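Residue numbers (my numbering), protein chains in the order written: chain G, 1 to 264; chain H, 1 to 258; chain Y, 1 to 350.
Keep in mind that the hints were calculated from the coordinates and are not lab data.
One thing to keep in mind: the hints can contain errors.
Stated by the list, open to error - According to the in silico footprint, chain G covers these stretches of chain Y (three or more CB under 8 Å from chain G): (1) 44 to 57; (2) 63 to 77; (3) 82 to 96.
Said to hold, decoys possible - Beta-carbon label-pair distances, calculated as ranges: (4) G:26 <-> H:177: 52 to 60 Å; (5) G:11 <-> Y:134: 27 to 35 Å; (6) Y:130 <-> G:27: 35 to 43 Å; (7) G:245 <-> Y:169: 50 to 58 Å.
As the list claims (entries may be wrong) - Over the 10 Å line for every Cβ pair with chain H, so calculated as not near, a few chain G residues: (8) 188; (9) 197; (10) 207.
Keep in mind that this is a model prediction, so the values were computed, not measured.
Note that CB positions come from ideal geometry on N, CA and C, so glycine has one too.
For reference, the chains in residue letters:
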Amino acid sequence: MRRARTPAPLLVPAALAVVFLVLPLVALLVRTPWSQLGTLLVAPGVGQALRLSLVSATLATAVSVVLGVPLAWVLARSRARGRAVLRALVTVPLVLPPVVGGVALFLVLGRQGIVGRWLDEAFGLTIPFTTAAVVIAETFVAMPFLVISVEGALRAADVRYEDAAATLGADRWTTFRRVTLPLVAPGVAAGAVLCWARALGEFGATITFAGNFPGTTQTMPLAVYLALQRDPQAAIVLSLVLLVVSVATLLLLRDRWLGRGAAA
Amino acid sequence: MRSGRIAAGLAAVTLAVTGCADAGATASGDDGGPGGTLTVFAAASLTDVFTDLGQRLEEEHDGLTVQFNFAGSSALATQLTQGAPADVFAAANDAQMAVVTDAGLADGDPTVFTGNVLQIAVPAGNPAGVTGLADFAREELALAVCAPEVPCGTAAEDVFAAAGVTPRPDTQEEDVRAALTKVELGEVDAALVYATDVTAAGDAVEGIAVPEAEDAVNDYPLCTLAAAPNPGAARAFVDLVLSDEGQQALEDAGFRTP
Amino acid sequence: MSLSAHVVVRRGPLTVDVELGVADGEVLAVLGPNGAGKSTLLRVLAGLLAPDGGRVAVDGTTWDDVAARVHLPAHRRPLGMVFQDSLLFPHLSVLDNVAFGPRTRGASRTAARTAAAAWIERVGLDGLGDRRPGQLSGGQAQRAALARALVGDPALLLLDEPLSALDARTRLAVRAELRRHLADYAGSTVLVTHDPVDAMALADRVVVVEDGRVVQAGTPSDVARHPRTDYVARLVGLSLLPGTADALSVRLDGGGVVAVAEPAQGPVLVAVRPESVALYPARPEGSPRNAWLLTVAGATPHGATVRCELDGEVPLLADVTATAFAELGLAPGSAVWAVVKASEVTVYAR
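In isolation and in its complexed conformation, chain G is listed as follows (with noise of 0.2 Å):
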């Protein structure tokens, strides 16, 4: 089928878009210092912050769909009264600056927060400037991505699939596994794909309430934004690094995972 042309309104803007976003990556592609690269490559630290990132972001991506998921099918499709009040608290993450974010968490999960109190007192656990506390402060930011985009994707869903699948002997539980979940699977990938690059970039609510300590809880945000307090150079280079692993990433996910949903 041949597509028509984009109309002139659209493709200016469109293009302006691009512009606006590639040119930051250019500049840095352009700024890196590509012959200290090596050595600073192998400094020791960058690996480590890397794997810790990958590592933590995986985590709280994989928190937020357990989470998140159900989330999602509770506002899209339970009746219950305070459902728009619910959404908009889920949301508030989107609008709370990180570091108020890292703030509140302490004030739940700190030593001396309602609930780290007592799990101090009764476990001896202490939660914050642990690799756990970077897994919370991510999961806290980023899980409302995941629900925001598997919300659209059930309410976008055709619920007759649904009628049909209890008429099918399908409970609940049966058909939201069966029929409802595989339905929405490309929106829980997407929103799945939007919540881990956000976690990943995550590092207001991680320096605030995970702290910076090489190794535990210093992600490569925290390394790129320390370095940058003394060594611009290696800033952009770990931010290259960044970049370049979560682009390689998401474009290895879509061959394998999106790639066949838009192929069906």
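Given chain G, put chains H and Y in place with the hints provided.
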């Protein structure tokens, strides 16, 4: 407004003394003194004192607006080297000032106008019973220091080395404020921060003097910038900071006058 | 009676209040205009919607009883349902779609697949079990949906406008096939449709629903002969005559011959709308091909028209204006010439 007129007179004298009377040609207030907008880039630890001094300068000169950009010294230095327009730069250490002077952006040599010394900050009541630098080696305490990449972290490393203490921090904070916030929230038992930050934090935080830190006073240099859009006002601000009045304000805030 | 239902549902201004009974092996068509409450009724029978009043019982088991606070959820009702646009699950193969019901109802994977494969063959989709629903034509998808609904041998089969999303040609073929499967099916069937042809061709009995109420019930021919409202008259006047086609002429099982415009072969149904039948006191000039001398067996006035029931070698229904009826001097027992253009006759394969 009598005090206004007196202030204007003083400013005129100041201008004459500093030899920057020509500044009035580019930007002058209603009274012939500095006017227009003065832009000051200053280290975050100077927020309270400089805001206060800026207001005083505005009161002295009708038509003058003082605008501040408070941030980490390195962020400010980066902004300046990237061409941010400013009249005055006040840094929290020599290294970041050097970034600006090396780039040829300063007008003349920078002046050290004050200093800051490290202190131990503990939550009100000092629940962990911290007494000195040696407590930073205690594994069981939650401890914060500044990251070695930022000036207060460098200073901390020096102090620990001089004291022969191997610190075991739980977190290396990106700046003093962040470290202090964690003390205020009671999430760390102690943090090594600047004395001024302890003063600024009020009752939530107590300070414990660190004798070992006296040898590692952190110098605060400031300069006017060569490309200052408002050099007259810049000079007036620098003079106010260096005056007895300015120095007293800094001392009240916990700074060490040189 | 295998299904007996009294369904009361209030939906905004519309109150649906319908009583139904369907015997084993019987097909009941619920016919009515859009918004009459047909689909609401079907959703209640399926258990997808809880009624506000009444009772639904199938084979002696109570599915709904509002007074007794009984409501069996949809997934626990042994029923099959075919929807207007098939609603095959797009992420499952045709085979897995058909096997879905047996699986959720506890069959082993192998047993479910075996049963599904048998039904896929039965609806003529052999070899297409591996396809995704997106790769099927509309007719194939609806056959698969029928297989999916029937595979568990449900007590009740619900058909919600099963043919209306299909194009005209496909509709004929699927309708004929549906007719065969309904004949073999032992349970009760409720067919909701707004197309009288579906009702006439597939149903043993018809209820006509308007504004949430049953306005008429009976066999398709009863309803067509004696429409009680204008709407029913307009809707169900169709005369359906079985016969055998040979190119452009159809020999009726009852004896007469009807000329048609579209060539056809084999067993067919001939359909004539009552407004297509013109009545004359004498054989008209120009010798039209479809002209028969018939006897008036009955006449029912509705609005400004009179529906005449004509007996003879080609039994027909004819609508004439009240004035024409008077001018022709028609009365039960009188003879009249009925004329129909070949182009006004529709032929359906059966």
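Hints versus structure:
1. 44 to 57: The restraint on the stretch 44 to 57 of chain Y holds, since 3 of its residues have a Cβ under 8 Å from chain G and three suffice.
2. 63 to 77: Check passed, 5 qualifying residues.
3. 82 to 96: holds (count 6)
4. G:26 <-> H:177: 52 to 60 Å: Violated: the Cβ-Cβ distance is about 34 Å, outside 52 to 60 Å.
5. G:11 <-> Y:134: 27 to 35 Å: holds, 32 Å
6. Y:130 <-> G:27: 35 to 43 Å: Taking Cβ atoms as reference, residue 130 of chain Y and residue 27 of chain G lie about 52 Å apart, which means the hint is violated.
7. G:245 <-> Y:169: 50 to 58 Å: The hinted range 50 to 58 Å holds for residue 245 of chain G and residue 169 of chain Y, with Cβ atoms some 56 Å apart.
8. 188: The claim holds: residue 188 of chain G sits with its nearest Cβ about 35 Å from chain H, beyond 10 Å.
9. 197: The assertion about residue 197 of chain G holds, with a minimum of 22 Å to chain H.
10. 207: violated, 6 Å
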